[in-house]
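The hints should help you fit chain B onto chain A, whose structure is shown.
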Amino acid sequence: MELIRPEVFTPQEADLAEGKLINSFVENYTSPYPDPDKWLEGEIRRNIMLLPVNMAVAWARQRSIFPLIFGTACCAFEMIAASGPRFDLSRFGMDIIRFSPRQADLMLITGTITWKMATAARMIYDQMPEPKWVIAVGACAISGGTFRESYSVVPGVNSIMPVDVYVPGCPPRPEAMIHGINRLQAKIVKGTIDNPNLALK
Amino acid sequence: MTIAVNTEETGKKIAEAIPGSVISSDKGSLTVDSKALAQVSGFLKDTPGLEFDYLTVLTAVDYLDYFEVVYRLVSLKHNQSLIMKTRVYGRDNPAVPSVTGTWRAAYYQEREIFDLLGIKFDGHPDMRRLLLWEGFAGHPLRRDYL
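Protein sequences appear in the order of chains A and B. Start counting the first sequence at 1; every next residue gets the next number (my numbering). Start counting the second sequence at 1; every next residue gets the next number (my numbering).
So that you can see chain A by itself, here it is in the shape it has in the complex (with noise of 0.2 Å):
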């Protein structure tokens, strides 16, 4: 991904150089990613057992996820109560939250994502360090919501990067938060050490 440096363009080359990238996000990103789990039947999913190491791993890594912040619009106020004292989102191993996503591995997306976005986001995704999970919280994220037909929206943040977990609602409730980082916690016991996103493959 091409960086932008504003010190050595002027405004107006500036802002040609950023909207090619969106341009080009427009144009490239435009079908969504494929959910990694498809491919597994019920019944395989039921019946393979992990391996002890892979156990121990998967199981440090759920209980030890480090959130980043990515607050775009009022989903972002139901995240700020989830982590408050009342819902406590500390109690599933989340004490810290991390406004650098070299830190981080969980990126909740809270909230519409414009195209003007989509490459910050993008950028953001790509810091990131391995292993890494996206949770699209709330009707914007997940599908565009009643933004979706807009010219300026991204249909839903899966176009962009893969996401895990999709938790409905407008905005949904700090429970319904807590709710999908459990599912996120059950998908990652699954998973493996080399691959953690992709379950028992």
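The set of hints was computed from the structure by calculation and includes no laboratory data. A quick note: this is a predicted structure, and the numbers were derived from the prediction, not measured. Among these hints, one or two may not hold up.
[Claimed, not checked] Simulated pairs of lysine-lysine, BS3-like, Cα-Cα distance not exceeding 25 Å:
| no. | chain 1 | residue 1 | chain 2 | residue 2 |
| --- | --- | --- | --- | --- |
| 1 | A | Lys116 | A | Lys132 |
| 2 | A | Lys187 | A | Lys132 |
| 3 | B | Lys120 | A | Lys20 |
| 4 | A | Lys116 | B | Lys120 |
| 5 | B | Lys35 | B | Lys13 |
| 6 | B | Lys45 | B | Lys13 |
Structure of chain B alone, referenced to chain A:
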């Protein structure tokens, strides 16, 4: 709250000072010829008794036959307000003189109107898109956009 000035009287005053500039002035608003916009805005800002020194809102409306640019002016000294309009015909390359020389507040709002409605403001120091990105096709707030 500000008090709305009598638009008909103000329209007469402007028509006396700058002949041919006022197209119509009814109870609510004042419609001005876009060619005389710079003179009229200067007149409204500097004339004693009017002194509209603050531009609160600059917006535009698409009526399909023409675009109407709407200026809402406030005089902080006399606590009064005025709505001034100007019309621009044609959809391919509509242009209106800029009022950034008179009211600096018009800078970003003119850029926004250029971005969303495609009305160009002649004399604006930096006529670029404000909200959408460079290379975006069309102007989305126009009624024939979709």
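query: Regarding the pair Lys187/A and Lys132/A, is the alpha-carbon distance no greater than 25 Å?
result: holds, 12 Å
message: Check whether the Cα positions of Lys116/A and Lys120/B lie no farther apart than 25 Å.
response: At roughly 23 Å apart (the allowed maximum being 25 Å), Lys120/B and Lys116/A satisfy the hint.
message: Checking one constraint from the list: CA of Lys120/B to CA of Lys20/A, max 25 Å. Satisfied?
response: holds, 23 Å
- prompt: Is the Cα-Cα distance between Lys45/B and Lys13/B 25 Å or less?
  reply: Between Lys45/B and Lys13/B the Cα gap is close to 13 Å, so the pair holds against 25 Å.
query: CA of Lys35/B to CA of Lys13/B, is that 25 Å or under?
result: Given pair Lys35/B, Lys13/B holds - Cα atoms ~18 Å apart, limit 25 Å.
message: Between the alpha carbons of Lys116/A and Lys132/A, is the straight-line distance 25 Å or under?
response: holds, 23 Å
When each numbered hint is compared with the structure, no violation occurs for any of them.
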